[in-house]
Amino acid sequence: MTSRNLCFKLMREDIKRRVWTIALTILSLVFTLLVPVAIKTGAYLDELSRGYSVYEKQWWLRELKSFVGVNGMVIFILVALSVVWAVSGFRYLHNSRQVDFYHSIPVKRGQLFLASYLNGILITAAVYFVIQGLSTALILRTGIEGFGGDGIWWKMYLLNMMYYIMLYTTTIIAMMMTGNIVVALLGTAVFNGYGPAVVLLVRGYQEMWFHTVCETAKNSMVWIRAVNYSSPFANYMFALEDFSYGRLGVWRMTRVAVITVVLAVLAYALYRIRPSESAGKAMAFKRTESPIKILIALPVAVVFGILFYSLRSTVTWGIFGVLCGSVITCCLMEIIYHFDFRKLFARWIQMAACGAVSVLLILAGIYDWYGFDSWLPKATSVKSATVTIGYEENWVTYGKPATDKDYLGRERTIWSYESQRDYQYRTMELTDVYSVMELAGKGVRANQEIRRRGSQTWNRWSDEYYSGWKQCVIGLRLNNGKEVFRKYTIPADDETKALIAAIHDNREYKKGTYPVMSQTSADTAAVYFQQYDQVQALETNEEEKARLLSAYQKDLEELTMAVREKELPIGTIQFRTVELQEAVDYYRDRDQGDEGLENRCYYPVYPSFTRTIQAVREAGGQVEEVNAQMIAQISLRYKDVYEGEDMTEDDAARAQAFYDDREIVYDQKEDIDTLSKALIFMDYYNMNPYYQADFADNAHATVTFAQVRVSPYSIKHSADCQIDFNRLTQEEAKMYGLRRYMEESSD
Amino acid sequence: MIETKGLTKKFGDIVAVDHVDATIKDGSVFGLIGTNGAGKSTFLRMLCGILKPDEGTVAIDGRGVYEDVEVKSRFFYISDDQYFFSNATPEEMMDFYRKVYPKFDVKRFHHLMKSFDLNERRKINTFSKGMKKQVSVICGVCAGTDYLFCDETFDGLDPVMRQTVKSIFVGDMEERNMTPIIASHNLRELEDICDHVGLLHKGGILLSRELEDMKLNIHKIQCVLLPGTEPEDMKELDIMKIERRGSLCTLTVRGSREDIETVVGNYQPVFAEIIPLSLEEIFISETEVVGYDIKKLVL
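Protein chains in written order, with the working numbering: chain R, 1 to 747; chain S, 1001 to 1299.
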């Protein structure tokens, strides 16, 4: 009898033993795929007879495609089936009677393995193929346009089957390594969940104790990649996402196939060396017990440590958590290994070692024994630097239009965002690193102080400190080619402010912060000037465009912190790039919403930007500061006011009145004249948070403009404002019921 | 011929089989005796390639057993609790076995099933323990293998069925030189069938001898000696044991029958007769010599 014949015979025999698994496979796939498709196609045909719009057609196409495409239910079923088939195929290894039977017959273990292994794949593959094919046929029968051409059904079939085999093989490895089905299922969970959990734990550990660690696009990709490759299941989930965006290539699938083959070879090798007497035991290979226990106990202990440390932020509780986690995990593992509760302290030396290592890990984090947060290179070893100061410049639009495909594979234009930090790191080259290193040094010292205080979270972010702290991200390019990012929380004292001002006023900082500084007139399609409620398209020729751009770049370059503390923008200007114009036109041609593309990339124009203002005027634009004539009404919306025992009757009456009305609309000239001089337009304030305003705390204003001036680009009829106390007399403030925060509290 | 050399198997700290050297000749019945936990099943599971020895070798006609399909096709293993597929009938089991044992005799299977009055189409899980044993023995003998490893196979069979099975074994031994290797904790069960007996104790083989050899060298004499003569006076005899009941003495003596008869005759006994020894008695005598109390071990 040839080996191949015997293998086929064994497969046939194996099928006889697993009829229930086949039935389960058929039933589950029929009810999660074929039946829903039949119901949905029937509904579609009913809809069709009533007629439908283009939009509805796309919706139907998407709906029907989703059944044979990325279908969550089918994926769930296939994952479950991979476990069921693996367990049913090799469960005999966990029963000594069955092991004696199978291993005493004159059949090579390799053939026994192959027969069960292949059945688990081929039967599911055949059943799924038929049901996926029938579902596709049902959808095709409806005659819906746009379906089938992209081969989504067979591509999805191949993808799902490849990952089914991978997950199935992983579960088989768990079956090989254990001698009990429950332990094997736990093992499968470990194989699929341990990797992502450890990656998340490392990240949590880092976030907890590496105070200066900084996330960049580069290192966040490392985390994502780490999770992606940390387990077969995680990899499957990422592959599905990539598939839905059309990003899954042949090379990636080839890698999956190779990994699956490696896993299959590993499963086979384990089958060959697996001792038959391990049936019924927790673990098939005794020598794997300790490493697995340690690998599980250490992360769990650290998780417990982090958890308890988070509750009270003291070393004692941190160590308590670690020891609890370590002891509980080690005991639990020993109980599982021996199936005997009394063995919970078996191998107590390992338990003690685990606890000790975990305590060291926690203490290393708490006291920064790694020296991560205190690391600071010498200024001479730094080639250049980049600095991101808080969120002050988050009004700047980074990124550019890009083309993408939606889930139906249609091309579309989207805004491809880039983070401020990434842009700054890419473009900023601060060669005068003195201020940067001083700032970093302050950050390091502040961090050491925070740790000295016990690293208590509320100490770091309490009201007492919050307003007085500044967050800076500093990127250093070292002479040896190394690139380092650190995020510092620095006390916002005068020294810090002076250092930040020095960095801000540096032209290299401007060049690395504002994309418009690198723009050329050749890149520029059009120029728009916006003030309050009106957008003006400046009709410019190439020369005027260049002049405008150059004027603005010069003004922006010379903008100092001192100016920003005193001035607010009076308008904004957009140098619309050719790419952006094309994207706007793309949507305009298709009569679709442009997702706010037109409003991106506006820059502030300060009163001191005389070159820009003059150039705008020369280009036919109107520039005027807000005045009462422009405003039809100002509505003040009051928040709840303080009603303490020490409140005067007058205050209480006024507060009650405000409380009852909540919103008061002022449309008389005198009121508008008084209030308009104190208005701070939030759109402009958001572009300059350095401005030293003194806001009324109990009310904010909404300005309604007098008329919409004739302009096709007019986009606003009203604007949100705050009231600046500095521009009102005390009587005026009292008259309108406006209060400062401190006043309110001191009442 | 099956030969084991230094065969050792440990389960953690427990040494189940400890450096066992044994030779099982073809065409004879090898009985493996031992208490529960003596290592009989482990020994058999190593013989049929289920367990891999930690030390030592198992060879059938010089070829290792583990993972050698050709060698494994020469034996059939009946475990003490034989596995049958869930909801399977004897017919379905036969169907499976005939695929893996090329010499499986289907005709004989049907014949034996009928003879044992077992329904081939009835689910095995509805059979009694004894009926399951019968099915496994029938499958074993029909597999047509040279060796049949039986682990406590007779345990659970009624006396009639036990004799029937023994007679089938004897028939197969005569017809096709089949060699049964039977492990049991009960000496009496093997007495009338074994040619060679190995006694396993605490993983080690205490004794391994041909039954005939043992019988030829040990004899039991019942005699009434002349007044004034004591059995101890017969210095020429290698007396292993003396029992007295009045003037009737029963002696267990090592030596050939002729020599013993001559020596006893010289003392002109009133009455003397050589009577047969049971396997149990032979074992008691032999193991007592090496310092073991067989009664505690297997009886």
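Treat the hints with care, since some could be wrong.
As the list claims (entries may be wrong) - With a cut-off of at most 30 Å between alpha-carbon atoms, the simulated DSS-like pairs for lysine-lysine come out as follows: (1) S:Lys-1025 x R:Lys-108; (2) S:Lys-1099 x R:Lys-16; (3) S:Lys-1241 x R:Lys-286; (4) R:Lys-9 x S:Lys-1025; (5) R:Lys-482 x R:Lys-511; (6) R:Lys-378 x R:Lys-511; (7) R:Lys-383 x R:Lys-442; (8) S:Lys-1114 x R:Lys-9; (9) R:Lys-9 x S:Lys-1132; (10) R:Lys-343 x S:Lys-1114.
Note that these hints are calculated values from the structure, not bench results.
Quick rundown of the hints versus the structure:
1. Proposed proximity of Lys-1025 of chain S and Lys-108 of chain R is supported: the alpha carbons are some 26 Å apart, at most 30 Å.
2. With a C-alpha separation of about 14 Å, the suggested pair Lys-1099 of chain S and Lys-16 of chain R falls inside the 30 Å cut-off, and the hint holds.
3. Restraint check for Lys-1241 of chain S and Lys-286 of chain R: the C-alpha separation of about 50 Å exceeds 30 Å, so the hint is violated.
4. As the CA atoms of Lys-9 of chain R and Lys-1025 of chain S are separated by approximately 34 Å, the hinted pair breaks the 30 Å bound.
5. Taking the CA atoms of Lys-482 of chain R and Lys-511 of chain R, the gap is near 23 Å; set against the 30 Å cutoff, the hint holds.
6. Restraint check for Lys-378 of chain R and Lys-511 of chain R: satisfied, since their Cα atoms lie roughly 25 Å apart, inside the 30 Å limit.
7. The hinted pair formed by Lys-383 of chain R and Lys-442 of chain R meets the criterion: a straight-line CA distance of about 20 Å does not exceed 30 Å.
8. Between Lys-1114 of chain S and Lys-9 of chain R the alpha-carbon distance is near 27 Å, which keeps this suggested pair within the 30 Å criterion.
9. As the CA atoms of Lys-9 of chain R and Lys-1132 of chain S are separated by approximately 25 Å, the hinted pair is consistent with the 30 Å bound.
10. Note on Lys-343 of chain R and Lys-1114 of chain S: the hinted pairing is violated, with a Cα-Cα distance of about 52 Å set against a maximum of 30 Å.
Violation of the numbered hints given earlier is confined to hints 3, 4, 10; the remaining hints are satisfied by the structure.
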